[in-house]
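Protein chains: 4
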Amino acid sequence: MAIEGSSTEPREKRIRLGMVGGGSGAFIGGVHRMAARLDDHFELVAGALSSTPEKAKASGLELGLDPSRTYSDFKEMAIREAKLKNGIEAVAIVTPNHVHYEAAKEFLKRGIHVICDKPLTSTLSDARKLKKLADESDALFVLTHNYTGYPMVRQAREMVANGDLGAIRLVQMEYPQDWLTENIEQSGQKQASWRTDPARSGAGGSTGDIGTHAYNLGAFVSGLELEELSADLDSFVEGRALDDNAHVMMRFKAKDGQRAKGTLWCSQVAPGNENGLKVRVYGTKGGLEWVQADPNYLWFTPFGEPKRLLTRAGAGASAAAARVSRIPSGHPEGYLEGFANIYSEAARAIHAKRKGEKLDPAVVYPTIDDGLKGMLFVDACVQSSKRNGAWIKV
Amino acid sequence: MAIEGSSTEPREKRIRLGMVGGGSGAFIGGVHRMAARLDDHFELVAGALSSTPEKAKASGLELGLDPSRTYSDFKEMAIREAKLKNGIEAVAIVTPNHVHYEAAKEFLKRGIHVICDKPLTSTLSDARKLKKLADESDALFVLTHNYTGYPMVRQAREMVANGDLGAIRLVQMEYPQDWLTENIEQSGQKQASWRTDPARSGAGGSTGDIGTHAYNLGAFVSGLELEELSADLDSFVEGRALDDNAHVMMRFKAKDGQRAKGTLWCSQVAPGNENGLKVRVYGTKGGLEWVQADPNYLWFTPFGEPKRLLTRAGAGASAAAARVSRIPSGHPEGYLEGFANIYSEAARAIHAKRKGEKLDPAVVYPTIDDGLKGMLFVDACVQSSKRNGAWIKV
Amino acid sequence: MAIEGSSTEPREKRIRLGMVGGGSGAFIGGVHRMAARLDDHFELVAGALSSTPEKAKASGLELGLDPSRTYSDFKEMAIREAKLKNGIEAVAIVTPNHVHYEAAKEFLKRGIHVICDKPLTSTLSDARKLKKLADESDALFVLTHNYTGYPMVRQAREMVANGDLGAIRLVQMEYPQDWLTENIEQSGQKQASWRTDPARSGAGGSTGDIGTHAYNLGAFVSGLELEELSADLDSFVEGRALDDNAHVMMRFKAKDGQRAKGTLWCSQVAPGNENGLKVRVYGTKGGLEWVQADPNYLWFTPFGEPKRLLTRAGAGASAAAARVSRIPSGHPEGYLEGFANIYSEAARAIHAKRKGEKLDPAVVYPTIDDGLKGMLFVDACVQSSKRNGAWIKV
Amino acid sequence: MAIEGSSTEPREKRIRLGMVGGGSGAFIGGVHRMAARLDDHFELVAGALSSTPEKAKASGLELGLDPSRTYSDFKEMAIREAKLKNGIEAVAIVTPNHVHYEAAKEFLKRGIHVICDKPLTSTLSDARKLKKLADESDALFVLTHNYTGYPMVRQAREMVANGDLGAIRLVQMEYPQDWLTENIEQSGQKQASWRTDPARSGAGGSTGDIGTHAYNLGAFVSGLELEELSADLDSFVEGRALDDNAHVMMRFKAKDGQRAKGTLWCSQVAPGNENGLKVRVYGTKGGLEWVQADPNYLWFTPFGEPKRLLTRAGAGASAAAARVSRIPSGHPEGYLEGFANIYSEAARAIHAKRKGEKLDPAVVYPTIDDGLKGMLFVDACVQSSKRNGAWIKV
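Taken in order, these protein sequences are the chains called A, B, C and D. Count along the first sequence starting at 1, add 841, and that's the number in the working numbering. Count along the second sequence starting at 1, add 841, and that's the number in the working numbering. Count along the third sequence starting at 1, add 841, and that's the number in the working numbering. Count along the fourth sequence starting at 1, add 841, and that's the number in the working numbering.
You may find that some hints are simply not true.
Heads up, the list lumps identical chains together, so a pair's fine if it works in one copy or across two of them.
In the SDA-like style, the derived pairs of lysine to any residue whose C-alpha atoms are separated by at most 20 Å in a straight line are [claimed, not checked]:
hint, residue 1, residue 2
1, Lys1094, Asp1220
2, Lys926, Ala1163
3, Lys1119, Trp1140
4, Lys1031, Glu1066
5, Lys1126, Ala1190
6, Lys946, Arg855
7, Lys972, Glu917
8, Lys1096, Glu917
9, Lys1196, Glu1066
10, Lys1119, Ala923
11, Lys970, Leu1213
12, Lys1119, Pro1169
13, Lys1234, Ser892
14, Lys1194, Pro1039
Simulated from the structure, these hints should not be mistaken for laboratory data. These numbers were taken from a predicted model, which means no experiment stands behind them.
Throw the hints in and build the complete structure from the sequences for me.
Dropping the structure here:
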């Protein structure tokens, strides 16, 4: 087991991390902090945790930050930290979507690595601009499509790449939730408010918030590129401006002469589903199934043989799973551990940068390109749905 | 528990049953016989088990039929049995699809009740003609969409009808299998041969064979009527003439002002899925999930409350489930019991006919209308797919 | 698939069956009738369905029996049927336990095969007398330890016998239920009344009713012989005369030099357990787990390899499972099908008797010896518990 | 959600932590470090990570410790750190069992809080001495029976205490593993070597290593006190000195007039079980089931109602679960999060000490008393087994 990176790698100094967003009442900021902390590669030293000065200050105090490095303006933070001798080397951007672009820009152009929550931005045009900036910057851009950090997802991808499933024909993705079954945004629930607001969230509701995760996961595991899609989006809850349910049919680019298709269903109005992300991949020689709520398991069926239940760190676990696994089989790892794996991969990449070394090819994390693909997916869904399900090339 | 119909109903004479198809090597014929026998409402007394005379004869002997009532021509059987004093009162038609229409016609027009396997026919035009014949006949027409016979499916339907889920927004249907992952029809596997042959199966492959089941089940449980669909069919296996995978997006007719949508995925090329029929229904107040492979369970979540695992004959089982349940909770009933429920419902309808009584409204079985809807579904899928997923009204 | 025995065996005339017990209101009688009917090897032609004449008569009418063959006294039935030209060849005894011995005796001594519900008798002394009678009789004695009829139980036994698990070290059995959590026998529930009454049930409550099933199943699958046990029985419900919970530690006779142990827990007071029979067997090379409520699955783990989920009639199903399986994988068979397998095995044995042929060694059914072992188990449990858990040789 | 303790509590300075044991190659040391880090209440500043000086030094470097605070002798560490102005306030002891007593003694007597892995010690006499020391010390003693940190275990305990299950009758505990199915200690596997060695592990093998966990969990959830037990221990693997399988029957002290019993099975030789800790509790009004491998779920059945699947942070989650939960429902937390909860509870207790405040009664962690009970349990198991299962008072 790679515990704290300590047994397999020489000890590195902790990476100095800043954070934009994530003040009290936020959900994902705390997740990023725990993820950054778990493997001890990062140290949070600065923050623009809120744009409201008092709240920024209070949140910084709560987290034990040095008050002199608690900002209420991310641009100010970027400028000042870039000048400090021990200024931040990386920044986590955990704001609502519409802030991602402006914030990322300020850090990227000052050579500070960016770890950004998904979806990439709130508009496709911002996404394209950000892609350009990221490509031009020497700093790294890491997108926290955290579900790709789960060990058994890594194993699934490795098995597909190894040909264990043969040529892939089908990728079935789904991500049902139920928390927006009723119109809670109107009663002021903070998470619901911004996630259903086009100005802060972008053109996609469920498609942007969770559909991008499901799509990213399907692509990550299958190794396929989306070619075109046909979508039927809906806002089932009266008065909701963004989609809360999407049915999507997909066609992927042929690989090794094999045509492949799939469907994606994401929903925020499916009672009984807490966070039902699931991916199934089928090829000419076998099938795989992975369910996020039970992430330590991976079902694998070689065609014509009994189903096998592969377990994290158990018999049948592969190298790709083992290198991001901390504890023995039967001791479940969860969402935070998967999220932490993205942070630890980012740390490995930053360490390589520090030392001017070539990055170990085993290190995998979602990049600006994955972010742009997600935005293109959302855009295509919205366009297709407006045109009554016409197939849209991505 | 309603054991053998004996405790709640006065004993009726067994219904004299004939069978068309179902000779040795067939699969579904044996299922029909066991289903007919389980509750003791029927007695098999005649058969046109094969169109090959020797095979018909041998199969009749194997089943213990009177040789004088073993036929190799279903029309001859219809003519002769109709004249016998104790001739058959009902016939089970268990042939490949393309024979359904001609066979059913001969019995319906002679007043013999028909219990017919699905899909209704191999062509839509046959289906329409058969619908006309059935409507004009005094005899009953029962289609064995057997999955509607499972007790927990009955309960799901009842709960939706009772409003336990509120207004229905989503119906997600799927039916993956894996047995046609490879081209076994070319090596002469009998079931694969006719089911992948347009001449015997009709225009739909997976859509006709299993898609109709999933669609019927979704409609049965939700009580919704399909309005239009968009489909992307494929034949992944080289050289296969009929679809072996279908992705379908659906829009249902609004009910009580509530718009509803769904998806249906059926596949015969998804390794690891033996017979993965599953239906999920979501409304404004709750959600339901039922999986055919584990049929004694029904998941129900009232929105905002913990999930509940309802069990056949267990706490929470409803009247609709109880009347088609034979044994106590925890003693699993299976596929044959569900199938037998269709036969027993048919028997109750035939008994009511015999006595000129009004049928108990609790008695439910799939009819010619369900059969026609299935054919319209297959036709719409094929049309939509040819037109690159255009929405087709059903 | 062996459908109705018809495809693999020449057709036999149905075996003429009588029944003792099983009038209206009974549970297990209906189960026996359905089980006898499913594969069409038996025809119920006579019955002493109740000792109350009116009820016997009414029950006979309900089942469509010839009134002249409806009895209220099993002895009279045995005497008269033995003299009839087409009298019964076999009798199913489905009464409360205390009647088993007297009833079985009358039929055995007249050469009529006996199919008897479990436990064998209500007293150990009756069991020993019955064993003697059965050994002396030319008629067969079949005990319906029905759980041994499940295909995946057959496969589990075959795998152990084949050495797939290596030498067996552990057999863990459990059978929790919850239906006697409260004192329903005092409010007159019929099943509860006799099953908690020492006069009708015998010395064991939960041990006799369900513990014998669990023990029989563990022994059937493992192939081991019980050597001694230590038991702690309890009657948790106030006023209950018989045990409603039992904790039992077991030591088996060494086999091939390997010591083996196990535990058995049976309970009728464990809320949330409907009929939780489960057996786990562990050896030097692998482990097995089977759960009655989900009987089409068998978990198998070869030590050091991933878990495999074997399915009835699926990939990995063995010959022993296939010969008692009716329908394809993914189409669940249940309790009645497993029960029917015991009846069909009995039919094969009776057919062999009829023809004076040697019985196919693949045919397996529980015998008088299994019944006696069950009674010795109950007796040992009761003795051990009285002596504060002293180890009792069986 | 209580994220990092930051939103509900004023920020405290991190607690300075030392560690004894946990150098490279160890398993549980890394777990303790991640658990200490997750909620940011602790900072590791010193260590006696190994008794081999070079290894201690190298391990300290790997973890980024100040070399001047890297020790090879825990006593030296205790002495020196106690004198430092910013010396450690707490120490984590993560060595093999036989070192626990001597190490804990050195820190306790210097007023340094001890967080110690289980079982408490390797001998009962050491345990008794340690109990005395801990009682006399002003420092806290926290035992990492980490499974009590899982949110749904907290909820289970709260539900029992609330009377949701009525009076408790049964507590069924099991903890099967398979990693010692073969004699890997002889081939030098480090974990296996010391855990099967009486000199380092103590008198109990599986009973000490995992049986204590299962017993602690059963007692924690049920709130019952063990009165006596009867055990049958075995060492199935040839040449193994300590038990690798234990069957235990238990009787608890009556509570509110209700007698209660249970069984405990722990095994290291049950192939297919990775870490199968499970507890089931049954009362007069309901039942509960929790499985460690799927820790975010808790099955609850009120007698006579459908089963409910309670989920961490989901509908039905209680206050006791919510206060130790970090992320929303459907985002699984795992073993490390549960372990971290013990550390965070310890931190809350230490903070209260620092400030001389009364500890919030909601704070719960395993203490020296739980440790002593575990040792008494192991001792009783060993004694009982030697006396052929005689009941031993605990």
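Structure-based check of all given hints:
no.	hint	result
1	Lys1094 - Asp1220	within (19 Å within a copy, 28 Å between copies)
2	Lys926 - Ala1163	neither (37 Å within a copy, 42 Å between copies)
3	Lys1119 - Trp1140	both (12 Å within a copy, 18 Å between copies)
4	Lys1031 - Glu1066	neither (35 Å within a copy, 38 Å between copies)
5	Lys1126 - Ala1190	neither (35 Å within a copy, 43 Å between copies)
6	Lys946 - Arg855	neither (24 Å within a copy, 34 Å between copies)
7	Lys972 - Glu917	neither (23 Å within a copy, 56 Å between copies)
8	Lys1096 - Glu917	neither (47 Å within a copy, 55 Å between copies)
9	Lys1196 - Glu1066	neither (33 Å within a copy, 59 Å between copies)
10	Lys1119 - Ala923	neither (41 Å within a copy, 52 Å between copies)
11	Lys970 - Leu1213	within (10 Å within a copy, 54 Å between copies)
12	Lys1119 - Pro1169	between (24 Å within a copy, 17 Å between copies)
13	Lys1234 - Ser892	neither (39 Å within a copy, 52 Å between copies)
14	Lys1194 - Pro1039	neither (37 Å within a copy, 49 Å between copies)
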